[in-house]
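Chemist: Throw the hints in and build the complete structure from the sequences for me.
The residues making up each chain are set out below.
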Amino acid sequence: GESVGLHLPTLSVQEGDNSIINCAYSNSASDYFIWYKQESGKGPQFIIDIRSNMDKRQGQRVTVLLNKTVKHLSLQIAATQPGDSAVYFCAENVFGQNFVFGPGTRLSVLP
Amino acid sequence: EAEVAQSPRYKITEKSQAVAFWCDPISGHATLYWYRQILGQGPELLVQFQDESVVDDSQLPKDRFSAERLKGVDSTLKIQPAELGDSAMYLCASSSSVGGTEAFFGQGTRLTVV
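Chain order of the listed sequences is A and B. Position 1 (the first sequence) corresponds to 1 in the working numbering; numbering is contiguous. Position 75 (the second sequence) corresponds to 75 in the working numbering; numbering is contiguous.
Please note that the accuracy of each hint is not assured.
Computed Cβ-Cβ distance ranges for the label pairs, DEER-style [unchecked claim]:
(1) A:83 with B:16: 36 to 44 Å
(2) B:28 with A:60: 24 to 32 Å
(3) B:100 with A:72: 14 to 22 Å
(4) A:79 with B:17: 42 to 50 Å
Note that these hints are calculated values from the structure, not bench results. Don't be surprised by glycine CBs; every beta carbon is placed ideally from N, CA and C.
Modeler: Shown next, in the form of structure tokens:
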């Protein structure tokens, strides 16, 4: 399949280690955020979301942290697996408007 | 599991020809988005619908692109005439409300203009 994001920043982690992917968002009025995972040749897949009244939310193996003061979002993946290899995008949303995507980070899991 | 359906998955067209993409959102989702994703970049909005009405088409190149959602369900995005720079992935997404809830994406249509 074709490659998504040939020139994206890349994070390489060893299988089993934890991964941290960062995102700076642009709009201080954004009140809802989503992390998406995109595999080659496929559409973005929802991972986890967080609202602006929260600073942390946990899912299965994933945690999202939100720092509104510096407009920063991070995605932590615990015990990274080969299947986690993909491009990860953060998306910000103001109610009533569209989702605005960040530039993306390629996660490469090393055996 | 409900999903957003898009067709075709792949399309190759010659420059100056017309091309159309189709999207069927998740049943009951009032909000529908069309995004364009150039290789190496994040998706960028082309048009947003709430039911059959256009909410935001400020980034849609209206001289050549058009989108419709006549009955507030499925949607069609058209390009006429296609240009080489239109080569990209065209993604459709739907959401149950206009913001504040998950937007689910289809698998996209990969357009190549030759």
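Chemist: Each hint: holds or not?
Modeler: Hints, one by one, checked against the model:
With their beta carbons about 42 Å apart, residue 83 (chain A) and residue 16 (chain B) fall inside the hinted range of 36 to 44 Å. The given range of 24 to 32 Å is respected by residue 28 (chain B) and residue 60 (chain A), whose C-beta atoms sit roughly 26 Å from each other. The hint said 14 to 22 Å for the Cβ distance between residue 100 (chain B) and residue 72 (chain A), and at roughly 21 Å that hint holds. As the Cβ distance of residue 79 (chain A) to residue 17 (chain B) is approximately 49 Å, the hint placing it in 42 to 50 Å holds.
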